[in-house]
Amino acid sequence: MKEFAPNLRVVAAAAVFLDAVFILISALCLDQVGGKIFFGLLLGTIYAVLNHLALAYTVKRLTDKSAARARIFYILSYLLRFGTAAGCLTVGFIWLNPFAVAVPMLAPKVGYYFMGFSGKDIQ
Numbered sequence: 130m131k132e133f134a135p136n137l138r139v140v141a142a143a144a145v146f147l148d149a150v151f152i153l154i155s156a157l158c159l160d161q162v163g164g165k166i167f168f169g170l171l172l173g174t175i176y177a178v179l180n181h182l183a184l185a186y187t188v189k190r191l192t193d194k195s196a197a198r199a200r201i202f203y204i205l206s207y208l209l210r211f212g213t214a215a216g217c218l219t220v221g222f223i224w225l226n227p228f229a230v231a232v233p234m235l236a237p238k239v240g241y242y243f244m245g246f247s248g249k250d251i252q
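Residues in the sequence shown are numbered from 130 upward in steps of one, following our numbering.
Hints listed in this document are in silico derivations from the structure and should not be mistaken for laboratory results.
Only a predicted model underlies this, so the values are computations on that prediction, with no experimental measurement involved.
Watch out, some of these pointers could steer you wrong.
What the hints assert, rightly or not - Taking CB as the label site, the calculated pair distances span:
1. Phe202 - Ala142: 28 to 34 Å
2. Arg138 - Ala199: 26 to 32 Å
3. Ile154 - Lys189: 34 to 40 Å
4. Val145 - Ala183: 17 to 23 Å
5. Ala156 - Lys194: 44 to 50 Å
6. Phe211 - Ala156: 30 to 36 Å
7. Ala141 - Phe211: 17 to 23 Å
8. Ala196 - Gly216: 29 to 35 Å
9. Gly164 - Ala199: 41 to 47 Å
10. Val220 - Ala183: 16 to 22 Å
11. Ile223 - Cys158: 22 to 28 Å
12. Ala156 - Ile204: 38 to 44 Å
13. Phe228 - Leu191: 31 to 37 Å
In this text, a Cβ means the ideal position worked out from N, Cα and C, and glycines have one as well.
Could you put the whole structure together from the sequences, leaning on the hints where they help?
Structure below.
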């Protein structure tokens with residue numbers, strides 16, 4: 130897992146940044162900061178990091194397989210990650226704040242977007 134560490138730090142930092150912005154907006158504009166928001170942010174952040182790791186692992190494993198097996202492996206990985214996202218969002222809509230769950234899921238996109246401005250290579 131060491132080879133995924135640089136990108137994982139970007140995703141984790143972006144998730145923490147988005148969490149802080151969400152808490153700040155919730156506190157200032159909505160006067161609502163509670164357990165549902167904190168647990169929603171935690172669930173979304175954990176999902177974003179684990180999804181990133183699962184995607185990196187999938188891509189790494191694809192090179193070891195034949196084309197037919199790689200395709201099946203990729204489809205199964207996609208369905209598992211998609212199902213996990215749907216499950217997290219369902220939990221968010223039923224028991225937590227759905228926006229608090231969804232916002233950290235954008236962390237990889239935000240992290241890589243801002244990493245492009247830094248001039249560092251994205252691995």
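Hints, one by one, checked against the model:
For the hinted restraint 28 to 34 Å between Phe202 and Ala142, the CB-CB distance of approximately 30 Å keeps it satisfied. The beta-carbon spacing between Arg138 and Ala199, approximately 28 Å, falls within the hinted interval of 26 to 32 Å. At roughly 37 Å, the beta-carbon separation of Ile154 and Lys189 lies within the given 34 to 40 Å, and the hint holds. The hint said 17 to 23 Å for the Cβ distance between Val145 and Ala183, and at roughly 20 Å that hint holds.
A C-beta distance of roughly 48 Å is found between Ala156 and Lys194, which places it inside the suggested range of 44 to 50 Å. At about 33 Å, the CB distance of Phe211 to Ala156 agrees with the hint of 30 to 36 Å. Remark: the range hint 17 to 23 Å for Ala141 to Phe211 is upheld by a beta-carbon distance near 22 Å. Separated by about 30 Å at the C-beta atoms, Ala196 and Gly216 satisfy the suggested range of 29 to 35 Å.
Between Gly164 and Ala199 the beta carbon distance is about 43 Å. The supplied range of 41 to 47 Å therefore holds. A hinted range of 16 to 22 Å for the beta carbons of Val220 and Ala183 is consistent with their spacing of about 18 Å. Judged by the Cβ atoms, the range 22 to 28 Å given for Ile223 and Cys158 holds: they are separated by roughly 24 Å. The supplied range of 38 to 44 Å is met by Ala156 and Ile204, whose beta-carbon atoms lie about 42 Å from each other.
Range check, Phe228 to Leu191: about 34 Å between beta-carbon atoms, so the 31 to 37 Å window is met.
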